[in-house]
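S.K.: In order, the protein sequence lines correspond to chains A and B.
Mapping the first sequence onto my numbering, position 98 (from 1) lands on 98, and the numbers just tick up by one.
Mapping the second sequence onto my numbering, position 54 (from 1) lands on 54, and the numbers just tick up by one.
Hints listed in this document are in silico derivations from the structure and should not be mistaken for laboratory results.
You may find that some hints are simply not true.
Claimed, not checked - In silico lysine to aspartate or glutamate, EDC-like type, Cα no more than 20 Å apart, as pairs:
hint : chain 1 : residue 1 : chain 2 : residue 2
1    : B       : K82       : A       : D11
2    : B       : K10       : A       : D112
3    : B       : K82       : A       : E62
4    : B       : K43       : B       : E24
5    : A       : K149      : A       : D26
6    : B       : K134      : B       : D71
7    : A       : K78       : A       : D26
8    : A       : K135      : B       : E11
9    : B       : K10       : A       : E62
10   : A       : K28       : A       : D112
11   : A       : K149      : A       : E36
12   : A       : K149      : A       : D112
13   : A       : K149      : A       : D53
14   : B       : K43       : B       : E11
15   : B       : K43       : A       : D59
16   : B       : K82       : B       : D25
17   : B       : K43       : A       : E60
18   : B       : K10       : A       : D81
19   : A       : K135      : A       : E36
20   : B       : K82       : A       : D81
21   : B       : K10       : A       : D11
22   : A       : K52       : B       : D100
23   : B       : K28       : B       : D38
24   : B       : K82       : A       : E60
25   : A       : K30       : A       : D81
26   : B       : K130      : B       : D100
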Amino acid sequence: MTDNASGVLFDLLHSQLVAYIYSTIDNKNKCVSQLESLGFRIGVSLGEQLTKDLPRFRDELEVMKFICRDFWSSLYQKQVDNLRTNHQGVYVLQDNAFKLLTHISVGKQYLDCAPRYLALSCGLIRGVLSNLGVKSVVTSEVISMPSAKFQIMVQRT
Amino acid sequence: MAVCIAVIAKENYPLYIRCSANVEDELKFHFTVHTSLDVVEEKISSTGKTSTARAPDMREFYLGQLYPSEDYRIYGYVTNTKVKFVMVVEASNTQIRDNDVRSMFRRLHNAYTSVVCNPFYILGSNISSKAFEKVVAGMIVDEQKKELFT
Numbered sequence: 001m002t003d004n005a006s007g008v009l010f011d012l013l014h015s016q017l018v019a020y021i022y023s024t025i026d027n028k029n030k031c032v033s034q035l036e037s038l039g040f041r042i043g044v045s046l047g048e049q050l051t052k053d054l055p056r057f058r059d060e061l062e063v064m065k066f067i068c069r070d071f072w073s074s075l076y077q078k079q080v081d082n083l084r085t086n087h088q089g090v091y092v093l094q095d096n097a098f099k100l101l102t103h104i105s106v107g108k109q110y111l112d113c114a115p116r117y118l119a120l121s122c123g124l125i126r127g128v129l130s131n132l133g134v135k136s137v138v139t140s141e142v143i144s145m146p147s148a149k150f151q152i153m154v155q156r157t
Numbered sequence: 001m002a003v004c005i006a007v008i009a010k011e012n013y014p015l016y017i018r019c020s021a022n023v024e025d026e027l028k029f030h031f032t033v034h035t036s037l038d039v040v041e042e043k044i045s046s047t048g049k050t051s052t053a054r055a056p057d058m059r060e061f062y063l064g065q066l067y068p069s070e071d072y073r074i075y076g077y078v079t080n081t082k083v084k085f086v087m088v089v090e091a092s093n094t095q096i097r098d099n100d101v102r103s104m105f106r107r108l109h110n111a112y113t114s115v116v117c118n119p120f121y122i123l124g125s126n127i128s129s130k131a132f133e134k135v136v137a138g139m140i141v142d143e144q145k146k147e148l149f150t
């Protein structure tokens, strides 16, 4: 299976998954957290698979760079466009054309539906980070489709 | 061929320990593996001295021989996700080479990844997958199996 095919398949499967979760769960407030925890488990497995062949990470910044490059390109066939950090444990990943949103709209239409399409991806990031030993809280923000921002807050003990 | 193989989770509790069938005291191996964890921690801590000789080791998973003992040699391997594999080999076994141990660890790592990707596997619980057991059985020395196949 080529990379193109797997990207399209993931996109379609994801949108169907979101629709399914929203149709089967009665309490709509729980849907986003359900999607997020799904993403978490997938993220852990994916993290295990993808880091198998890479050299050992030395510090947190290398883990973040792995997420922005290898992880993102294996999922969405592109890399994260912008990574910002305040060096205090907060990282912001910006993707100007987030793959799962590009087919929905460009601009402000359907903006209120965007969070449900980002929930799984937030969980994915949290899962990979947790598997690599970084406890975090991941939130997402969409100002204008299809550009998405993911904010990672690392919990330092 | 190893005498004992162990998979230890990130939080340093065992996920899987398997010893060869013809040992009298399994508990001794559990203890040996447990004490070797200290050495593993020491090797992976990046706050140690970073001389140029050690710099290439920092990027590798394979940790090499952990410490010598009169009866056994112990080898360690750590993954990016801080899961550790420990292998105990009899000291009298001189045919086993460093590359053999490396390839055994590599196969263990692949088998472990398959276990994690199994959606029915609960993270952090004991590994009971038959496929994984088969891979490990192929590496553990067994009194019936006399072949040198590793």
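S.K.: Each of the hints needs a verdict: does it hold here or not?
M.R.: Comparing the hints with the structure gives:
Among the hinted pairs, K82 of chain B with D11 of chain A is inconsistent with the structure: their alpha-carbon atoms are about 31 Å apart, more than 20 Å. With a C-alpha separation of about 39 Å, the suggested pairing of K10 of chain B with D112 of chain A is violated against the 20 Å cut-off. Of the pairs offered as hints, the one joining K82 of chain B and E62 of chain A holds, with about 15 Å between alpha carbons and a cut-off of 20 Å not exceeded. Distance restraint check for K43 of chain B and E24 of chain B: the Cα-Cα separation of roughly 31 Å exceeds the 20 Å cut-off, and the hinted pair is therefore not satisfied.
A C-alpha spacing of about 29 Å is found between K149 of chain A and D26 of chain A, which places the hinted pair above 20 Å, so the restraint is violated. The straight-line distance between the Cα atoms of K134 of chain B and D71 of chain B is roughly 27 Å, outside the 20 Å bound, and the hint therefore fails. For the hint pairing K78 of chain A with D26 of chain A, the CA-to-CA distance comes to about 35 Å; that exceeds 20 Å, so the pair is violated. Using a Cα cut-off of 20 Å, the hinted pair K135 of chain A and E11 of chain B holds, with the two alpha carbons roughly 13 Å apart.
Among the hinted pairs, K10 of chain B with E62 of chain A is consistent with the structure: their alpha-carbon atoms are about 19 Å apart, no more than 20 Å. The suggested pairing of K28 of chain A with D112 of chain A holds, with an alpha-carbon distance near 14 Å, which does not exceed 20 Å. With a CA separation close to 16 Å, the supplied pair K149 of chain A and E36 of chain A stays within the 20 Å bound. With a C-alpha separation of about 15 Å, the suggested pairing of K149 of chain A with D112 of chain A holds against the 20 Å cut-off.
This hinted pair does not check out: K149 of chain A and D53 of chain A have alpha carbons roughly 28 Å apart, beyond 20 Å. Using a Cα cut-off of 20 Å, the hinted pair K43 of chain B and E11 of chain B holds, with the two alpha carbons roughly 16 Å apart. Of the pairs offered as hints, the one joining K43 of chain B and D59 of chain A holds, with about 15 Å between alpha carbons and a cut-off of 20 Å not exceeded. Between K82 of chain B and D25 of chain B the alpha-carbon distance is near 28 Å, which puts this suggested pair outside the 20 Å criterion.
Our distance criterion of 20 Å between C-alpha atoms is met by K43 of chain B and E60 of chain A, whose separation comes to about 18 Å. For a cut-off of 20 Å, the pair hint linking K10 of chain B to D81 of chain A is broken: about 32 Å separates their Cα positions. This hinted pair checks out: K135 of chain A and E36 of chain A have alpha carbons roughly 15 Å apart, not beyond 20 Å. For the proposed pair K82 of chain B and D81 of chain A, the alpha carbon gap of about 29 Å is over 20 Å, so the pair is violated.
Of the supplied pair hints, the one linking K10 of chain B and D11 of chain A is violated, its CA atoms being roughly 32 Å apart against a limit of 20 Å. Taken as a hint, the K52 of chain A and D100 of chain B pair is honoured in the structure, with Cα atoms around 19 Å apart against an allowance of 20 Å. Under the criterion of a C-alpha separation no larger than 20 Å, the hint pairing K28 of chain B with D38 of chain B is consistent with the structure, at around 17 Å. At roughly 14 Å between alpha-carbon atoms, K82 of chain B and E60 of chain A fall within 20 Å of each other, so this suggested pair holds.
About 31 Å separates the Cα atoms of K30 of chain A and D81 of chain A, which puts this hinted pair outside 20 Å; it is violated. Distance check on the hinted pair: K130 of chain B and D100 of chain B sit about 23 Å apart at the alpha-carbon level, beyond 20 Å; violated.
The structure fails hints 1, 2, 4, 5, 6, 7, 13, 16, 18, 20, 21, 25, 26 (numbered hints given earlier, in ascending order).
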